[in-house]
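2 protein chains.
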Amino acid sequence: MTELRKDPVSERWVVVAPERLKRPTDFHSAQRAPRPDASCPFCAGREALTPPEVLAYRNGGAPDSPGWRVRVVPNKFPALQIDGSLARHTEGPFERVNGVGAHEVIIETPDHAKTLATMETREIEEVLHAFRKRISDLKRDERVRYVLIFKNHGHGSGATLEHAHSQLVALPVVPDVVREELDGAKRYRAAHRSCVFCDVIRHELGAGRRIVCEDGDVVALAPYASRFPFETWLLPQRHGSRFEQEPESVCAGVARAIKTVVQRLDAALESPPYNFVLHNAPPAEEVGDFFHWHIELMPRLARGGLESGTGLYINPVSPEEAANILRTVPV
Amino acid sequence: MTELRKDPVSERWVVVAPERLKRPTDFHSAQRAPRPDASCPFCAGREALTPPEVLAYRNGGAPDSPGWRVRVVPNKFPALQIDGSLARHTEGPFERVNGVGAHEVIIETPDHAKTLATMETREIEEVLHAFRKRISDLKRDERVRYVLIFKNHGHGSGATLEHAHSQLVALPVVPDVVREELDGAKRYRAAHRSCVFCDVIRHELGAGRRIVCEDGDVVALAPYASRFPFETWLLPQRHGSRFEQEPESVCAGVARAIKTVVQRLDAALESPPYNFVLHNAPPAEEVGDFFHWHIELMPRLARGGLESGTGLYINPVSPEEAANILRTVPV
Numbered sequence: 001m002t003e004l005r006k007d008p009v010s011e012r013w014v015v016v017a018p019e020r021l022k023r024p025t026d027f028h029s030a031q032r033a034p035r036p037d038a039s040c041p042f043c044a045g046r047e048a049l050t051p052p053e054v055l056a057y058r059n060g061g062a063p064d065s066p067g068w069r070v071r072v073v074p075n076k077f078p079a080l081q082i083d084g085s086l087a088r089h090t091e092g093p094f095e096r097v098n099g100v101g102a103h104e105v106i107i108e109t110p111d112h113a114k115t116l117a118t119m120e121t122r123e124i125e126e127v128l129h130a131f132r133k134r135i136s137d138l139k140r141d142e143r144v145r146y147v148l149i150f151k152n153h154g155h156g157s158g159a160t161l162e163h164a165h166s167q168l169v170a171l172p173v174v175p176d177v178v179r180e181e182l183d184g185a186k187r188y189r190a191a192h193r194s195c196v197f198c199d200v201i202r203h204e205l206g207a208g209r210r211i212v213c214e215d216g217d218v219v220a221l222a223p224y225a226s227r228f229p230f231e232t233w234l235l236p237q238r239h240g241s242r243f244e245q246e247p248e249s250v251c252a253g254v255a256r257a258i259k260t261v262v263q264r265l266d267a268a269l270e271s272p273p274y275n276f277v278l279h280n281a282p283p284a285e286e287v288g289d290f291f292h293w294h295i296e297l298m299p300r301l302a303r304g305g306l307e308s309g310t311g312l313y314i315n316p317v318s319p320e321e322a323a324n325i326l327r328t329v330p331v
Numbered sequence: 001m002t003e004l005r006k007d008p009v010s011e012r013w014v015v016v017a018p019e020r021l022k023r024p025t026d027f028h029s030a031q032r033a034p035r036p037d038a039s040c041p042f043c044a045g046r047e048a049l050t051p052p053e054v055l056a057y058r059n060g061g062a063p064d065s066p067g068w069r070v071r072v073v074p075n076k077f078p079a080l081q082i083d084g085s086l087a088r089h090t091e092g093p094f095e096r097v098n099g100v101g102a103h104e105v106i107i108e109t110p111d112h113a114k115t116l117a118t119m120e121t122r123e124i125e126e127v128l129h130a131f132r133k134r135i136s137d138l139k140r141d142e143r144v145r146y147v148l149i150f151k152n153h154g155h156g157s158g159a160t161l162e163h164a165h166s167q168l169v170a171l172p173v174v175p176d177v178v179r180e181e182l183d184g185a186k187r188y189r190a191a192h193r194s195c196v197f198c199d200v201i202r203h204e205l206g207a208g209r210r211i212v213c214e215d216g217d218v219v220a221l222a223p224y225a226s227r228f229p230f231e232t233w234l235l236p237q238r239h240g241s242r243f244e245q246e247p248e249s250v251c252a253g254v255a256r257a258i259k260t261v262v263q264r265l266d267a268a269l270e271s272p273p274y275n276f277v278l279h280n281a282p283p284a285e286e287v288g289d290f291f292h293w294h295i296e297l298m299p300r301l302a303r304g305g306l307e308s309g310t311g312l313y314i315n316p317v318s319p320e321e322a323a324n325i326l327r328t329v330p331v
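Going down the list, the sequences are from chains D and E. The opening position of the first sequence corresponds to residue 1 in the working numbering, with each subsequent residue numbered one higher. The opening position of the second sequence corresponds to residue 1 in the working numbering, with each subsequent residue numbered one higher.
Because the hints were derived from the structure by calculation, they are not lab data. Idealized CB from N, CA, C, for every residue including glycine. Treat the hints with caution; some may be incorrect.
[Unchecked claim] Far from chain D, by Cβ distances over 10 Å, these chain E residues were calculated:
id, residue
1, Asp199
2, His203
3, Ala207
4, Ala284
5, Arg327
[Claimed, not checked] Derived SDA-like pairs: lysine to any residue, alpha-carbon spacing no greater than 25 Å straight-line:
id, chain 1, residue 1, chain 2, residue 2
6, D, Lys259, D, Pro247
7, E, Lys186, D, Ala190
8, D, Lys186, E, Gly216
9, E, Lys186, D, Asp176
10, D, Lys6, E, Gly311
[Stated by the list, open to error] Selected chain D positions facing chain E (Cβ under 7 Å, derived; list incomplete):
id, residue
11, Lys6
12, Val15
13, Ala17
14, Ala38
15, Arg58
16, Asn59
17, Pro93
18, Phe94
19, Glu95
20, Gly311
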């Protein structure tokens with residue numbers, strides 16, 4: 001029997017229908033490893049092909065020259081621009097604001113051949129430090145209401161360049177997915193007097209069967225109402241609403257968890273494409289007691305497109321099965 | 001300058017960033033026309049390859065034999081089953097219900113070579129009659145809280161079979177996309193004492209520049225906060241909340257509008273893959289005064305995957321430009 005499961009934060013219903021896995025069209029997603037590309041603008045030595053860097057962690061070398069370990073540059077095709085006023089306009093029943101904000105690329109490594117699965121943990125940690133630094137800098141601009149950080153990895157994920165990178169979009173509004181999560185967490189807080197994410201973590205560590213890995217700082221789990229096969233969330237075990245304010249030890253734990261999860265996805269699913277998104281507290285909102293930052297990682301496996309605009313997700317792999325595979329796969 | 005636009009129903013923000021259209025990776029979506037396929041289970045003469053039909057409009061012939069014009073069959077790999085009780089279960093902070101419901105396929109034509117662009121208007125009208133009949137039948141089952149009807153067309157849309165078909169999923173819950181739309185329309189009704197969709201239609205017919213086509217019964221328009229390039233919504237001009245209760249004349253208007261829009265998309269964009277979703281009132285809810293049924297049609301053009309789980313849509317084509325192209329393209 002299939003089930004409909006409700007996410008306790010968003011109240012989104014998901015159909016978990018393991019029977020559908022029998023379909024031959026499910027799961028063909030093997031990715032090739034990154035191959036050398038003489039035109040890649042993110043490789044060391046090609047710094048002139050990107051806009052000037054806004055942040056870099058370096059062993060040496062001048063800005064926009066080799067010697068960096070992590071490099072942050074404006075997106076060459078930005079969706080938002082940093083200049084301009086935040087004027088609101090209306091037209092009949094409609095409302096718009098100017099596209100003020102920022103759109104940046106975090107180049108995670110100078111080495112074209114590396115991925116989060118093959119980078120050292122301390123290298124991933126530096127990527128996370130770059131996230132924190134850019135969030136902290138951008139949120140000083142009071143026009144910025146949210147800083148969205150996400151990663152598209154591999155063909156089929158939306159990535160247009162193969163070289164390991166993440167993206168950052170600073171927005172003058174709070175995206176509705178985040179707004180709904182805040183609303184849901186607030187409702188839960190009002191009803192139960194606790195953080196829904198903390199309650200989920202406590203329950204899941206006790207139940208065990210949806211845990212992918214955990215180390216005291218960070219837990220990686222397959223969410224109860226997983227929308228996608230092998231969807232995995234990474235959460236700090238100690239309550240915190242702002243990623244940029246976590247201590248270094250938590251950052252190290254997140255880096256370890258990311259590496260572990262991506263290595264196991266690669267081993268279990270032939271290096272699938274994936275997206276991840278950091279869900280963080282909006283800078284100007286007091287949500288510290290009920291919102292719990294986390295990372296949502298979604299492999300992009302071949303599947304029917306039911307969710308395209310329908311809002312209905314049909315997941316052919318139960319989170320219990322996915323977590324079990326990821327816990328036990330030899331790496 | 002890019003803009004952020006807010007959808008007046010869902011309050012979802014969308015980035016409209018026409019500059020990004022310069023990217024070379026945008027828009028490679030040419031579809032081949034359907035090709036004869038000796039193994040297609042939806043072609044006339046292969047009725048034995050599907051489960052027995054639950055509805056057919058026929059020129060003659062026995063059930064599950066040739067002679068049909070439109071045929072509705074259970075999905076061979078159903079996500080939900082019609083048998084079983086709607087028991088609710090809880091586990092710690094989580095909640096689930098049994099996967100009770102229905103999952104059906106509406107085979108739109110016996111002819112493998114036809115699409116909504118090449119079918120006659122009266123043939124499309126019969127497909128819509130099949131939608132109405134199945135909604136009316138299924139909503140008599142009080143376990144059914146919503147009947148979702150959608151179509152995946154072409155490679156990249158999620159369709160696994162090429163032969164023209166739509167799908168129906170009868171659900172024991174209301175999908176959150178619909179719930180949010182109902183909530184938004186209700187908020188608007190409380191604030192403005194009118195239907196948000198009626199106000200949008202009135203404004204758009206006056207403004208003109210986002211209208212794709214209109215004929216007194218039905219209007220097709222590019223929504224102000226379009227998430228996707230060439231996204232098009234079809235709405236009845238006279239307020240109505242339930243598709244299955246519209247008079248035949250409106251059905252005929254919807255069929256004409258679907259054919260017109262799909263023909264123009266095919267002409268403008270080399271027959272792109274697309275999804276459409278019918279947004280209808282939930283059977284058991286009193287939403288008649290503020291909810292307005294409509295069809296949302298979304299071409300699936302190659303694009304960056306920013307929206308994958310981030311909830312942030314970046315649309316490289318303004319709805320004004322899209323509507324202008326669709327209004328003027330020679331068919």
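Here is how each hint holds up against the structure:
1. Asp199: Contrary to the label, E/Asp199 does not stay out of reach of chain D, its closest Cβ about 5 Å off (not over 10 Å).
2. His203: At about 4 Å from chain D, E/His203 fails to clear the 10 Å cut-off, so the statement is violated.
3. Ala207: violated, 7 Å
4. Ala284: holds, 16 Å
5. Arg327: About 19 Å separates E/Arg327 from the closest Cβ of chain D, which puts it past 10 Å; holds.
6. D/Lys259 x D/Pro247: Status holds; Cα separation ~19 Å.
7. E/Lys186 x D/Ala190: holds, 23 Å
8. D/Lys186 x E/Gly216: Outside the cut-off at roughly 45 Å; violated.
9. E/Lys186 x D/Asp176: holds, 18 Å
10. D/Lys6 x E/Gly311: holds, 19 Å
11. Lys6: holds, 5 Å
12. Val15: holds, 5 Å
13. Ala17: holds, 5 Å
14. Ala38: violated, 18 Å
15. Arg58: violated, 29 Å
16. Asn59: violated, 32 Å
17. Pro93: Since the shortest Cβ distance to chain E is 5 Å, the answer is holds.
18. Phe94: holds, 5 Å
19. Glu95: Hint holds; D/Glu95 Cβ to chain E Cβ min 5 Å, cut 7 Å.
20. Gly311: holds, 3 Å
Hint check: violations occur at hints 1, 2, 3, 8, 14, 15, 16; the rest are consistent with the structure.
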